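> Sequence:
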Amino acid sequence: MNSSFLIAQISDLHLKAGQRLTYGVVDTLAALRRAIEHLNASVPRPDIVVISGDLVDFGRADEYAVLAPELARLPMPCYLVPGNHDQREHMLAGLPAHRYLPRSAGGPLDWVVDEHPVRLIGLDSTTPGAHGGSLTDAQLDWLDEQLGLRPEVPTLLILHHPPFITGIGHMDRESFQNAPGLEAVIARHQQVERLLCGHLHRPMQRRFGGSVCCVCPGTSHQIVLDLQETAPAHFNLEPAGYLLHAWHPQRGLVTHNGVFGEYAGPYPFYDEHGLID
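1 is the number of the first residue of the sequence shown in UniProt numbering; add one for each residue after it.
Since the hints were derived computationally from the structure, they do not count as laboratory data. As the structure is a computational prediction, the values presented were derived from the model and not from experiment. Just to be clear, a hint being listed does not mean it is correct.
The calculated DMTMM-like cross-link candidates involving lysine to aspartate or glutamate, where the alpha carbons are at most 20 Å apart (straight line), are [unchecked claim]:
| hint | residue 1 | residue 2 |
| --- | --- | --- |
| 1 | Lys16 | Asp27 |
| 2 | Lys16 | Asp114 |
| 3 | Lys16 | Glu70 |
| 4 | Lys16 | Asp62 |
| 5 | Lys16 | Asp47 |
With beta-carbon atoms standing in for the labels, derived distance ranges [as the list claims (entries may be wrong)]:
| hint | residue 1 | residue 2 | range |
| --- | --- | --- | --- |
| 6 | Tyr100 | Pro232 | 34 to 42 Å |
| 7 | Glu174 | Ala264 | 37 to 45 Å |
| 8 | Asp226 | Pro96 | 39 to 47 Å |
Backbone N, C-alpha and C define an ideal beta-carbon position, used for all residues, glycine too.
Using the sequences and the hints given, assemble the complete structure.
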């Protein structure tokens with residue numbers, strides 16, 4: 001019997017309204033629908049889905065009106081944090097079913113969910129009008145307090161912006177503010193299993209505060225892998241992907257990188273004679 005608790009992570013949906021293509025190229029709505037169909041058909045199916053920001057492209061109310069019915073197609077609980085393309089007030093108004101989100105006006109959309117085998121803490125790393133990520137001292141104090149309440153429970157932090165320099169020039173021009181402060185908080189709480197991030201539209205991993213920071217690929221388009229300081233702001237249509245985090249009380253947390261789409265296979269390694277030659 002599979003006793004793992006499965007957390008699917010998708011990111012950077014960039015939905016548009018009116019069936020418009022994102023950047024004039026990408027059908028992000030069709031990509032999200034493929035992703036949801038894939039997750040719903042998975043065996044075993046994920047127990048929950050987390051989405052690490054940039055839910056829509058310009059933070060407009062009509063874009064969240066497109067998003068809401070698509071997320072309603074997920075039969076499992078779904079948890080969101082905003083990205084720099086989101087707008088807090090429109091996000092709250094357009095997604096009323098997501099009751100874990102704080103409803104106080106004007107502040108960051110930080111939240112805690114305690115009802116699963118793995119504790120979830122969402123952090124709003126956005127600054128209105130800015131591209132890069134940040135967490136205020138008040139948010140770090142709140143996080144430190146929340147982590148101190150349940151030190152025995154394995155915990156995932158979900159935030160949009162990865163708190164490190166990636167090497168991709170155009171994504172690093174607005175670096176994460178207060179990353180050392182966040183790292184110091186994480187280092188004090190060994191139950192933090194992962195920081196789950198988006199923003200970079202590529203799978204990446206980095207040690208951070210004694211934990212691991214995992215960056216999710218985009219649900220539709222990917223940022224070009226160009227490790228130059230002068231890297232231009234380009235994207236491509238590499239296979240869209242997701243992360244699947246499998247928690248097991250004895251084995252811990254294992255993170256898998258998956259792709260959306262149909263590909264040849266599966267093929268067997270063995271036949272009745274052994275390894276196929």
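> Which constraints among the numbered hints does this structure fail? Numbers only, ascending.
2 and 5
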